[in-house]
Amino acid sequence: MAYMIVKDNCTGCTACEPECPNQAISETKDGLFVIDPAKCTECIGHYDEPQCVAVCPIDDTCIIDDNYPRYQAA
Amino acid sequence: MQTAQTQSGAEGVTAQTAVNLDDIMQKVAEHKGCGTSGGSGKASCGSGAGENDLPPEIWEKVKNHPCYSEEAHHHYARMHVAVAPACNIQCNYCNRKYDCANESRPGVVSEKLTPEQAAKKVLAVASTIPQMTVLGIAGPGDPLANPEKTFKTFELVAKHAPDIKLCVSTNGLALPDHVERLSQYNIDHVTITINMVDPEVGAKIYPWIYYKKKRYTGVEAAKILTDRQLQGLEMLTERGILSKINSVMIPGVNDQHLVEVNKAVKSRGAFLHNIMPLISAPEHGTVFGLTGQRGPTAQELKALQDQCEGEMNMMRHCRQCRADAVGLLGEDRSAEFTTEKIMEMEVNYDLETRKAYQAAVEQERDAVVAAKKAEMESLAGEHSDIKMLIAVATKGGGKVNEHFGHAKEFQVYELSTAGAKFVGHRRVDLYCQGGYGEEDSLATIIRAINDCHAVFVAKIGGCPKNDLKAAGIDPVDQFAGEFIEQSAIAYFKNYLDKVKRGEIAHVARGDAEIRQGALTSAEAA
Chain A
1 MAYMIVKDNC
11 TGCTACEPEC
21 PNQAISETKD
31 GLFVIDPAKC
41 TECIGHYDEP
51 QCVAVCPIDD
61 TCIIDDNYPR
71 YQAA
Chain B
75 MQTAQTQSGA
85 EGVTAQTAVN
95 LDDIMQKVAE
105 HKGCGTSGGS
115 GKASCGSGAG
125 ENDLPPEIWE
135 KVKNHPCYSE
145 EAHHHYARMH
155 VAVAPACNIQ
165 CNYCNRKYDC
175 ANESRPGVVS
185 EKLTPEQAAK
195 KVLAVASTIP
205 QMTVLGIAGP
215 GDPLANPEKT
225 FKTFELVAKH
235 APDIKLCVST
245 NGLALPDHVE
255 RLSQYNIDHV
265 TITINMVDPE
275 VGAKIYPWIY
285 YKKKRYTGVE
295 AAKILTDRQL
305 QGLEMLTERG
315 ILSKINSVMI
325 PGVNDQHLVE
335 VNKAVKSRGA
345 FLHNIMPLIS
355 APEHGTVFGL
365 TGQRGPTAQE
375 LKALQDQCEG
385 EMNMMRHCRQ
395 CRADAVGLLG
405 EDRSAEFTTE
415 KIMEMEVNYD
425 LETRKAYQAA
435 VEQERDAVVA
445 AKKAEMESLA
455 GEHSDIKMLI
465 AVATKGGGKV
475 NEHFGHAKEF
485 QVYELSTAGA
495 KFVGHRRVDL
505 YCQGGYGEED
515 SLATIIRAIN
525 DCHAVFVAKI
535 GGCPKNDLKA
545 AGIDPVDQFA
555 GEFIEQSAIA
565 YFKNYLDKVK
575 RGEIAHVARG
585 DAEIRQGALT
595 SAEAA
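The listed protein sequences correspond, in order, to chains A and B.
Residue numbers for the first sequence follow the numbering used here, so the first one is 1 and each next one is one higher.
Residue numbers for the second sequence follow the numbering used here, so the first one is 75 and each next one is one higher.
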C-alpha cells in the first residue's frame, strides 16, 4: 500500500516532502528522504497521480514498494 | 505572444503599488538611444550602461550590482546561497544528480543550507569581502518552488545586513504567485530564465513541469510555462522591479528563436537580456550532454548577442556561476565559506567598514571611467571600418593586472573607432577537464581566444609569447597595471596608424571555442 524512494537515486532535493498529502515523507539524517509506508495512500482519493512521482526530478526514484499490498481506498 | 492568461496578470495590482507601465517603458526606451548619443557611442551601450545612460532611480538599483552592470562587475562581488534545492520543472540542460566541487555551472552545488545557516554565511562573507553587495538565491532548484526557505533567508539577511541587495533567479513557473511578496521584501532584481515563447520550441527543452499538483509534458507543459513566465514578467514591470532575462542558446533548437524571445521580453519591460551558451558535455549526464547537443561557438554567440542588441540591453559578462558561488564574477571563493568553516567564524558585521571600503572602490571606479574618457578623446575624428577583438588578463579593478600563465579566464573587448566595448569572456582554467595536460594547456588557451588579435597581460614568459605570435595573436605586456579600456584604445589607435602607413595589413581572425568546463578557484581543486 505504498510508494518507496530508491535511496541511490534520491538527491535530497526536498521537492517531494511538502507535496505529500499524508505527511508520509520525511528527511533522514543523511539528508535523503523516505516514505512511511503506514501513511502512504498512493495519493488515492487526493490526486490523480502520486505527487512524489510527479515532482521527483529523477526517473524511477519514487516507485511502488512490492513489500506491501496495493492501497485500497476505504 | 500575448495570451489571455498573461493579460490577466495585471488584475492583482492595486492603484497604490502599481507603477505606470507606460512610464517605465518610456524610461527603458529613453536609455536605448546610446548608439547615437554620447562620445563613447556604442561602448556605453547595453549592460555597460553607465551613470549618464540611465534614469537615476534605475542607476541607483544597478550601480553596485555585478550582474546588472558590466562596469560594476569589475569591482563588486556577489554570492549565492543554496537554500532552494527543490525544482518544479525539468530542463534538458540540467542534471540534478550532479555535483563536482570543481565544476562551476548553474544548478550545481556542494551542500544545501538552512535559511539560518545561509544568513550566517552571508554575514561571514560580507565581513570578509566588503565589496560583496548582492545576495542572490538561484537554486540549485527554483527559489520560488521553495518559497518559505527563500523568503525566510531574505528576511534574516534584511534584518542583519540591510545594505545588501537581494535578488532571485527563477524559471518563472511560480513567479505570478509570488510577485506581491517579492515586492514586500524589497527585492528589486529578479532574473527569469526564458528560453522560448513558442511551446513547440519549449517541448524540445523542457520534458515536463509540475504545476498545480499535476505533471504536464510536451507542448502542453511548455505552453503553461511560457504563459506564466510572461505573466510574471509583466507583473514585475508593473511594480517597478528590475528584471533580467536569461536565455540558454541551444544551436538548432532555439538559437534564431531567441530573437523572438528578445522582442517578447523587451515589449514587457525587461531591463536586460543575457544570452548564454549551452553548457553541455556527456560527463554532465544531462539530456543534451548525452544526446550530443553542441553549444554555440564564440562567433555564433556574439553574432546573436549583436543581433539582439539593437532591441535592448544585452549582458555579456555572465559567468554562468554555481548556485553557491561567492566572490567577483569570474572567481569563486565558495571553498573558503563551507558550512563547517562559517559556523566556527567570529562574524563582526560592521556597516561602517563596508561603507568606507566601498567609497574607496567608487574612487577606483571613477578613475577607470575618467581614463577611458580621456583616451577616447584622442580617437575623436577617427573613422575606420576595422573592428578587432582583444583578450585581457585581469584580476579585477578594471586593470590589466594578471599574468598570462595565471589567468583562469580572459575578458574580451571589441575595439573600433567607437571605443573599447566589453563583449564577453573566455574560460581557460583546466580543472576538472580530464585529458588536458600541462603540455597542451597553451593550445587550449589559443583555441579559446583564437578570434582575438592580441592578448593583454601583466607579464608573459618567452615560450608562450612565441607560440601566441605563431598563432597570429599579439602578446602585449606594455600596459601592465594600467586601465583596460584606456590601454585598449591606445593600442587600437596605434594599430590603425600602422595599417594606414601600410606597415601591417588588417586580417580578420577565425572563430573561437567556448569551454564547457569549470571556473573555480585552485583552492577548491
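There could be a bad hint or two in this list.
Computed, partial: chain B to chain A, Cβ under 7 angstroms [unchecked claim]:
hint: 1; residue: K171
hint: 2; residue: G215
hint: 3; residue: K233
hint: 4; residue: Y285
hint: 5; residue: K286
hint: 6; residue: G292
hint: 7; residue: K415
hint: 8; residue: P549
Below, computed lysine-lysine pairings styled on DSS-like, alpha-carbon distance capped at 27 angstroms [what the hints assert, rightly or not]:
hint: 9; chain 1: B; residue 1: K543; chain 2: A; residue 2: K7
hint: 10; chain 1: B; residue 1: K461; chain 2: B; residue 2: K429
hint: 11; chain 1: B; residue 1: K171; chain 2: A; residue 2: K7
hint: 12; chain 1: B; residue 1: K567; chain 2: A; residue 2: K39
hint: 13; chain 1: B; residue 1: K171; chain 2: A; residue 2: K29
hint: 14; chain 1: B; residue 1: K226; chain 2: A; residue 2: K29
hint: 15; chain 1: B; residue 1: K337; chain 2: B; residue 2: K287
hint: 16; chain 1: A; residue 1: K7; chain 2: B; residue 2: K288
Calculated directly from the structure, the hints in this document are not laboratory data.
Keep in mind it's a predicted model, so treat the numbers as computed, not measured.
Backbone N, C-alpha and C fix where the C-beta goes; we use that ideal spot for every residue, glycine too.
Against the structure, the hints come out as follows:
1. Because the closest C-beta pair between B:K171 and chain A is about 6 angstroms apart, less than 7 angstroms, the hint holds.
2. Using the Cβ-Cβ criterion of 7 angstroms, the hint placing B:G215 at the interface with chain A is satisfied: the shortest such distance is roughly 6 angstroms.
3. Using the Cβ-Cβ criterion of 7 angstroms, the hint placing B:K233 at the interface with chain A is not satisfied: the shortest such distance is roughly 24 angstroms.
4. Among the interface hints, the one on B:Y285 is violated; its C-beta lies about 10 angstroms from the nearest C-beta in chain A, farther than the 7 angstroms criterion.
5. The criterion of a C-beta within 7 angstroms of any C-beta in chain A is not met by B:K286, whose closest approach is roughly 10 angstroms, and the hint is violated.
6. Violation of the interface hint for B:G292 is found here, the shortest Cβ-Cβ separation to chain A being roughly 15 angstroms, above the 7 angstroms cut-off.
7. Violation of the interface hint for B:K415 is found here, the shortest Cβ-Cβ separation to chain A being roughly 19 angstroms, above the 7 angstroms cut-off.
8. For B:P549, the interface hint is violated, the least distance from its beta-carbon to any beta-carbon of chain A being 45 angstroms, above 7 angstroms.
9. Taken as a hint, the B:K543 and A:K7 pair is broken in the structure, with Cα atoms around 55 angstroms apart against an allowance of 27 angstroms.
10. Straight-line distance between C-alpha atoms of B:K461 and B:K429 comes to about 40 angstroms, which puts the hinted pair past the 27 angstroms bound.
11. Restraint check for B:K171 and A:K7: satisfied, since their Cα atoms lie roughly 12 angstroms apart, inside the 27 angstroms limit.
12. Restraint check: the Cα-Cα separation between B:K567 and A:K39 comes to about 75 angstroms, which exceeds 27 angstroms; the hinted pair is violated.
13. Proximity of B:K171 to A:K29 is assessed by CA-CA distance (about 19 angstroms); at most 27 angstroms being required, the pair is judged to hold.
14. Of the pairs offered as hints, the one joining B:K226 and A:K29 holds, with about 23 angstroms between alpha carbons and a cut-off of 27 angstroms not exceeded.
15. With a C-alpha separation of about 32 angstroms, the suggested pair B:K337 and B:K287 falls outside the 27 angstroms cut-off, and the hint is violated.
16. A threshold of 27 angstroms between alpha carbons decides the hint, and for A:K7 with B:K288 the separation of about 24 angstroms falls inside it, so the pair holds.
In this structure, the hints that do not hold are numbers 3, 4, 5, 6, 7, 8, 9, 10, 12, 15, in rising order.
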